[in-house]
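2 protein chains.
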Amino acid sequence: MTRVFNFSAGPAVLPESVLQQAADEMLDWHGSGQSVTEMSHRGKEFTEIAARAEADLRTLLAVPEGYHVLFLQGGASLQFEMIPLNLLRGQPSVDYVHTGEWAKKAIAAARKLGRAEVNVAASAEDRSFTYVPDRADWQLSEDAAYVHYTANETIGGVEFSSVPDVGEVPLVSDMSSTLLSRPLDVSRFGLIYAGAQKNIGPAGLTIVIVRDDLVGLADPPLTPMLDYATHVKAGSMYNTPPTYAIYLAGLVFAQLLADGGLAAAEQRNIAKAELLYDAIDDEPFYANPVAPADRSRMNVPFTLADPGLDADFLATAAERGLTQLKGHRSVGGMRASIYNAMPIDGVRALVDHLRDFAAERG
Amino acid sequence: MTRVFNFSAGPAVLPESVLQQAADEMLDWHGSGQSVTEMSHRGKEFTEIAARAEADLRTLLAVPEGYHVLFLQGGASLQFEMIPLNLLRGQPSVDYVHTGEWAKKAIAAARKLGRAEVNVAASAEDRSFTYVPDRADWQLSEDAAYVHYTANETIGGVEFSSVPDVGEVPLVSDMSSTLLSRPLDVSRFGLIYAGAQKNIGPAGLTIVIVRDDLVGLADPPLTPMLDYATHVKAGSMYNTPPTYAIYLAGLVFAQLLADGGLAAAEQRNIAKAELLYDAIDDEPFYANPVAPADRSRMNVPFTLADPGLDADFLATAAERGLTQLKGHRSVGGMRASIYNAMPIDGVRALVDHLRDFAAERG
Numbered sequence: 001m002t003r004v005f006n007f008s009a010g011p012a013v014l015p016e017s018v019l020q021q022a023a024d025e026m027l028d029w030h031g032s033g034q035s036v037t038e039m040s041h042r043g044k045e046f047t048e049i050a051a052r053a054e055a056d057l058r059t060l061l062a063v064p065e066g067y068h069v070l071f072l073q074g075g076a077s078l079q080f081e082m083i084p085l086n087l088l089r090g091q092p093s094v095d096y097v098h099t100g101e102w103a104k105k106a107i108a109a110a111r112k113l114g115r116a117e118v119n120v121a122a123s124a125e126d127r128s129f130t131y132v133p134d135r136a137d138w139q140l141s142e143d144a145a146y147v148h149y150t151a152n153e154t155i156g157g158v159e160f161s162s163v164p165d166v167g168e169v170p171l172v173s174d175m176s177s178t179l180l181s182r183p184l185d186v187s188r189f190g191l192i193y194a195g196a197q198k199n200i201g202p203a204g205l206t207i208v209i210v211r212d213d214l215v216g217l218a219d220p221p222l223t224p225m226l227d228y229a230t231h232v233k234a235g236s237m238y239n240t241p242p243t244y245a246i247y248l249a250g251l252v253f254a255q256l257l258a259d260g261g262l263a264a265a266e267q268r269n270i271a272k273a274e275l276l277y278d279a280i281d282d283e284p285f286y287a288n289p290v291a292p293a294d295r296s297r298m299n300v301p302f303t304l305a306d307p308g309l310d311a312d313f314l315a316t317a318a319e320r321g322l323t324q325l326k327g328h329r330s331v332g333g334m335r336a337s338i339y340n341a342m343p344i345d346g347v348r349a350l351v352d353h354l355r356d357f358a359a360e361r362g
Numbered sequence: 001m002t003r004v005f006n007f008s009a010g011p012a013v014l015p016e017s018v019l020q021q022a023a024d025e026m027l028d029w030h031g032s033g034q035s036v037t038e039m040s041h042r043g044k045e046f047t048e049i050a051a052r053a054e055a056d057l058r059t060l061l062a063v064p065e066g067y068h069v070l071f072l073q074g075g076a077s078l079q080f081e082m083i084p085l086n087l088l089r090g091q092p093s094v095d096y097v098h099t100g101e102w103a104k105k106a107i108a109a110a111r112k113l114g115r116a117e118v119n120v121a122a123s124a125e126d127r128s129f130t131y132v133p134d135r136a137d138w139q140l141s142e143d144a145a146y147v148h149y150t151a152n153e154t155i156g157g158v159e160f161s162s163v164p165d166v167g168e169v170p171l172v173s174d175m176s177s178t179l180l181s182r183p184l185d186v187s188r189f190g191l192i193y194a195g196a197q198k199n200i201g202p203a204g205l206t207i208v209i210v211r212d213d214l215v216g217l218a219d220p221p222l223t224p225m226l227d228y229a230t231h232v233k234a235g236s237m238y239n240t241p242p243t244y245a246i247y248l249a250g251l252v253f254a255q256l257l258a259d260g261g262l263a264a265a266e267q268r269n270i271a272k273a274e275l276l277y278d279a280i281d282d283e284p285f286y287a288n289p290v291a292p293a294d295r296s297r298m299n300v301p302f303t304l305a306d307p308g309l310d311a312d313f314l315a316t317a318a319e320r321g322l323t324q325l326k327g328h329r330s331v332g333g334m335r336a337s338i339y340n341a342m343p344i345d346g347v348r349a350l351v352d353h354l355r356d357f358a359a360e361r362g
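First to last, the sequence lines map onto chains A and B.
Residues 1 to 362 in our numbering are what the first sequence lists, from first letter to last.
Residues 1 to 362 in our numbering are what the second sequence lists, from first letter to last.
Treat the hints as calculated values from the structure; they're not laboratory data.
Yeah, the Cβ is synthetic: ideal placement off N, Cα and C, and Gly gets one too.
Hints may be right or wrong, so weigh each one.
If we take Cβ atoms under 7 Å as the criterion, some of the chain B residues that face chain A in the derived model are [what the hints assert, rightly or not]:
id	residue
1	ARG3
2	ASN6
3	PRO15
4	SER17
5	LEU19
6	LYS112
7	ALA116
Next comes chain A alone, as it looks inside the complex (with noise of 0.2 Å):
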């Protein structure tokens, strides 16, 4: 067996160690005779799986006295919506910073929804989403349900450095691609979401973080499996969560707080990201669009100065066990997702292939 190097966007790569542990576990769950995927999801062992995997989370990202996280369905997609449909309390309006792809969807299912008016506060459409609107440059309405910006936009590689201050409004972030990227203060939001193939599992679970005080405030009431205060009441076990994702969420989990938390994470993941960005500002022949302030640490986009050879490029870098580096549709060229299960190994790997084939065909 040989592993590549996986850069994928997301679903992503995940830590071997997690790995090798659910293939030695899946015909018998500490020698419970079953497969965790085959247990109840309200039977000893499995809620014990749960409990731990949510304590393990908690502990990651410190999460303060007055939040509940849930373990639910639908991607960040659902949420787009729910979080419209849960927060609206009679607020004429609701604000949104738009950053690029995600904050697009994001405004876009809050716009179907027709319920208030969705206000762009912010964008970064005039230089091609290539920076993150400063602060002082918002348009926040009066009288706004909530403020939501994507934290880390996986397409264009944007990702905000700090936690925006909005004053007393609710903070709503879409964390699908930077959450347990780097400790995080929790306190500062009304609502964190995130779709677990990123850094957190596999595709199919959705967590969300979300203060005791906005839930279950939706006006006009919710049918249930809309509702946050349904998955809160039930300890995300209203109907059968995804338990099979939650058990290899939960094995990442406990390999983070292993490897020593979030600071530890942190400091591997800005290592990783530093070695990269800075063999691609090295060599003309590669190009990232982004601001420096507001690189990604996650989504690494490049470009060659001949995107004629981008073929060539994929197809030399596969030669080497490094794959899925192409760029999305909509931007073209090269993307590298370094996430937090790539080994920095797999960034050195790449940087040689940067050098190498620069030398060769640049």
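Please arrange chain B on chain A, whose structure you already have, making use of the hints.
Here is chain B on its own, set in the frame of chain A:
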């Protein structure tokens, strides 16, 4: 490693061959150097896995032309809400047949939505949900948007033995706990849905099979994630699907095909159910309350003549490797779920336990 016989109602036992293959492929799928859970859902490898899973499911069920097969998230519970949202097209009413706990939840969700009169066309409540109301006694509405029934009640252990005739009105069925346990004439239905965690695969995947002409009619228009039209148009990849769950379900489908398809599965399930019901009926110490013609082949609830011996029955069963036999709290007693993946040896071992326990303690 000793595998138990796991009678959980769901998530439930999976074929050991499937789990073994999943374990073998966990770190390296077919020499790709990655786990299926790490694959981009839009990459060549995973799109092949998903296409194969859909094709095999279509083959198993002989899905006719004009039906979409969707791989979604959220379980049957989200379908309870999506069905009225999508299928109401200005009609004043919808018809539901009430056969137990799951029908009750479907009815409650439709009522909560409040967009049409929810008519309970027939109910088995008069005899504690121990039978399927005779089709001749159903009081269908004049102008129902659809007729909904629960093909198998996992808690009551009541199953429709045939597909009811409702004329031209779209027939909708929750088949969570019976789909793939027997051949099915899909052409009789407007929409079929099933959570995967019984006969199909892991929790977190929901199968929806819907007729062309019922898609895209929602009025008022829906947000994208709640609209079947979105998922039809995107081939179930509007957003990241539960990739690993689809892969495991695909392995189950392939195994079912290799074992002779649904006709053969039905024969195995009939043999298992007869063995167990015969043992219950033969021994006065045990009782099953369901009308014989309506007894579920999948979920077999039974009581002991002395409920004071329930704990002892469960403990001695566990000693023989027979687990998850405790009945649902709402009905008490025992419940043996004997889905496709429960081998007949598991049922034989349970029957031995029934006889031995009655002989010793009855």
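Do the hints match the structure? See the list:
1. The interface hint given for ARG3/B holds, since its Cβ lies 5 Å from the closest Cβ of chain A, which is under the 7 Å cut-off.
2. Annotation: interface hint on ASN6/B holds; nearest CB of chain A at approximately 5 Å, less than 7 Å.
3. Interface hint status for PRO15/B: violated, as the beta-carbon distance to the closest one in chain A is roughly 10 Å, over 7 Å.
4. Given the 7 Å rule on beta carbons, the hint for SER17/B is violated: about 11 Å separates it from the nearest Cβ of chain A.
5. About 5 Å separates the beta-carbon of LEU19/B from the nearest beta-carbon of chain A, less than 7 Å, and the hint is met.
6. Satisfaction of the interface hint for LYS112/B is found here, the shortest Cβ-Cβ separation to chain A being roughly 5 Å, below the 7 Å cut-off.
7. Of the supplied interface hints, the one on ALA116/B is violated, with its beta-carbon coming no nearer than about 14 Å to a beta-carbon of chain A, more than 7 Å.
Hint compliance for this structure: hints 3, 4 and 7 are broken, all remaining hints hold.
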